[in-house]
Amino acid sequence: MDGSAAAAFSDFAHSRWPALVRLAYGITGDRGLAEDLAQTALASAYASWPRVTRADDPDAYVRRILLNAHRGAFRKRRVAEQLTGSPPDAAAVADPSGQQGDRAAIVTALAALPRRQREVLVLRFWLDLTEAQVAESLGCSVGTVKSQASRALAKLRASAELADWEAR
Amino acid sequence: MTVHDEPDLRAQLGSALDGLAPGPLPLPAVVRQGRAMLIRRRVTAVVAVAAVVIAAAVGGPLLARQLGQSRPAGPTYHVTVHPPGPGSRKGLIAYGRLGRARWLAAGRFTPSDGELCFWAFRYGTGGCSGSGNAPPRAVATGDPVVFASGDGMSPQVDVWRVRSDVTLVRVSLSNGQTLTLRPEAIFGTGTAEYVALAVPGARAVTEIAAYSPGGELGYAIPFTGAGSDIDIVRWLAPGQPALPAPRRYKIGSATAGGSRWSEYASIGPWGSCFDGPGFGEICDPALGGQLRGGKPAKEVASMFSGSRYGFVVVAVAPAVDHLLVHVAGRRSFQVRPQRIGGGLLACFFVDSGGNVGWTAYSAVGTKLASG
Numbered sequence: 000m001d002g003s004a005a006a007a008f009s010d011f012a013h014s015r016w017p018a019l020v021r022l023a024y025g026i027t028g029d030r031g032l033a034e035d036l037a038q039t040a041l042a043s044a045y046a047s048w049p050r051v052t053r054a055d056d057p058d059a060y061v062r063r064i065l066l067n068a069h070r071g072a073f074r075k076r077r078v079a080e081q082l083t084g085s086p087p088d089a090a091a092v093a094d095p096s097g098q099q100g101d102r103a104a105i106v107t108a109l110a111a112l113p114r115r116q117r118e119v120l121v122l123r124f125w126l127d128l129t130e131a132q133v134a135e136s137l138g139c140s141v142g143t144v145k146s147q148a149s150r151a152l153a154k155l156r157a158s159a160e161l162a163d164w165e166a167r
Numbered sequence: 000m001t002v003h004d005e006p007d008l009r010a011q012l013g014s015a016l017d018g019l020a021p022g023p024l025p026l027p028a029v030v031r032q033g034r035a036m037l038i039r040r041r042v043t044a045v046v047a048v049a050a051v052v053i054a055a056a057v058g059g060p061l062l063a064r065q066l067g068q069s070r071p072a073g074p075t076y077h078v079t080v081h082p083p084g085p086g087s088r089k090g091l092i093a094y095g096r097l098g099r100a101r102w103l104a105a106g107r108f109t110p111s112d113g114e115l116c117f118w119a120f121r122y123g124t125g126g127c128s129g130s131g132n133a134p135p136r137a138v139a140t141g142d143p144v145v146f147a148s149g150d151g152m153s154p155q156v157d158v159w160r161v162r163s164d165v166t167l168v169r170v171s172l173s174n175g176q177t178l179t180l181r182p183e184a185i186f187g188t189g190t191a192e193y194v195a196l197a198v199p200g201a202r203a204v205t206e207i208a209a210y211s212p213g214g215e216l217g218y219a220i221p222f223t224g225a226g227s228d229i230d231i232v233r234w235l236a237p238g239q240p241a242l243p244a245p246r247r248y249k250i251g252s253a254t255a256g257g258s259r260w261s262e263y264a265s266i267g268p269w270g271s272c273f274d275g276p277g278f279g280e281i282c283d284p285a286l287g288g289q290l291r292g293g294k295p296a297k298e299v300a301s302m303f304s305g306s307r308y309g310f311v312v313v314a315v316a317p318a319v320d321h322l323l324v325h326v327a328g329r330r331s332f333q334v335r336p337q338r339i340g341g342g343l344l345a346c347f348f349v350d351s352g353g354n355v356g357w358t359a360y361s362a363v364g365t366k367l368a369s370g
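Those protein sequence lines, which keep their order, are chains A and B. All residue numbers for the first sequence refer to numbering that gives the first Met the number 0, where the first residue is 0 and numbers rise by one. All residue numbers for the second sequence refer to numbering that gives the first Met the number 0, where the first residue is 0 and numbers rise by one.
Here chain A stands alone, though its shape is the one from the complex (with noise of 0.2 Å):
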């Protein structure tokens, strides 16, 4: 990579660092991961670089690494998802203003929903993008989008981690 790529490249991972490392958290519900995540994302990125700069929407690519890279890591520790509890960093930090409750309380109920419906959930209502801009991130179908997030807000509706907040 020259130097003015290089430039390019450090431009880029700054402008989106923060957004990544948002969608990451928003479904994986664990910050330190969402960080390792992003920050897996960028490299792809970086020894994609190329790639990156022709694709239509560089964003939308970086998207799809980091989604590809979050199945992985899925894949990898899904035994220690069953086995730990709700994420330790949400809930250690102090949050005199309520806000820190109400975002563990959605984010512990994301959650608890299927990764596929997560992922559908926060691209769609979080990111805004259209179901079949969802469907292309994802790798899958319109239907399939429509159908997850139909059962995903289904859940959530129902979901005791946010009845249990509404209730104090």
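No lab work stands behind these hints, which were simulated from the structure alone. Heads up, a few of these hints could be off.
Taking lysine to any residue and the SDA-like style, the derived pairs with C-alpha atoms no more than 25 Å apart in a straight line are [as the list claims (entries may be wrong)]: (1) B:89 with B:110; (2) B:297 with B:323; (3) B:294 with B:337; (4) A:154 with B:5; (5) A:154 with B:337; (6) A:154 with B:6; (7) B:366 with B:307; (8) A:154 with B:9; (9) A:154 with B:14; (10) A:154 with B:4; (11) B:297 with B:276.
Following the hints, put chain B in place on chain A, whose structure we already have.
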């Protein structure tokens, strides 16, 4: 608060995710990881092409079958690390799982005897050392991360002390994981901060990077070649290439007491480490025993198995032609230095305990140094 409809969910997700303030972008680590991916891809491509060429040339159906079989399995362990949460036991540094087994690392200071102890649950035990009449204070200078406690067992739990400006430590593992460790001031404000992790063995740790709120402070490639300890020896600046490439040299061997003894020097991005079966390991951040400050010679390792057999390693300047080694009650003998990793090392075996001395001479017999 409930999720009644889609706008409601949008609002909640926006509140949860937009408000998250990520840590600083670890750009040097991203670039290093990206370069490593590129190298792996190129190596894989070259190996694949070479394998096809060999298969075609040999025409052996056996080789073709082997190529079609699954690749060698990589490390399959998985590690989790969590910081203490509300209600965690006092002194807890971190906890998690190594595979299915739980681990935790904690520290304790006993004012009555001034003793500082670390221990790990599930894997091995830690150790205690004197600390004076107060817990260790925060450290503002020196290396960003230093070893504090560990048992060198497999699996092992290590506790590392961090410099006061370090807010995050990332540890790369051989299975592709990157662990994020957050320092804990387990003895209260103004005291030393610690991180801890569990790994199946020392060789699982491939890189350690330290961060402050302003970004990456540096990184270290630990020496783990002896297999027992994670030796954090030399720190590299962010973006500095991890050089020199690792090389291992056999610098001495001897037969005594019915056993064969060997001594090795491992030169790499960690600096210089010396080890041999039965001797443990000693490391120095200088490369190949390079000397600083114009010294003609310096003893860099003196390693004994029990009280009798051992190797002594002396780094020497180019002006040194040979060492004359004096062992109590024996004839003196000469040792010539060998060029190792850009420096000059003289290594000799001793079979009568540590009662030994040496003198460095120039080619014309001038005495240059002794030890």
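Outcome of the hint check:
1. B:89 with B:110: holds (15 Å)
2. B:297 with B:323: Distance of about 14 Å is within 25 Å: holds.
3. B:294 with B:337: holds (17 Å)
4. A:154 with B:5: Measuring from Cα to Cα gives roughly 13 Å; hence the hint holds.
5. A:154 with B:337: Violated - the C-alpha atoms of residue 337 of chain B and residue 154 of chain A are around 71 Å apart, more than 25 Å.
6. A:154 with B:6: holds (16 Å)
7. B:366 with B:307: violated (28 Å)
8. A:154 with B:9: holds (16 Å)
9. A:154 with B:14: holds (20 Å)
10. A:154 with B:4: holds (12 Å)
11. B:297 with B:276: holds (23 Å)
Of the numbered hints listed earlier, those contradicted by the structure are 5, 7.
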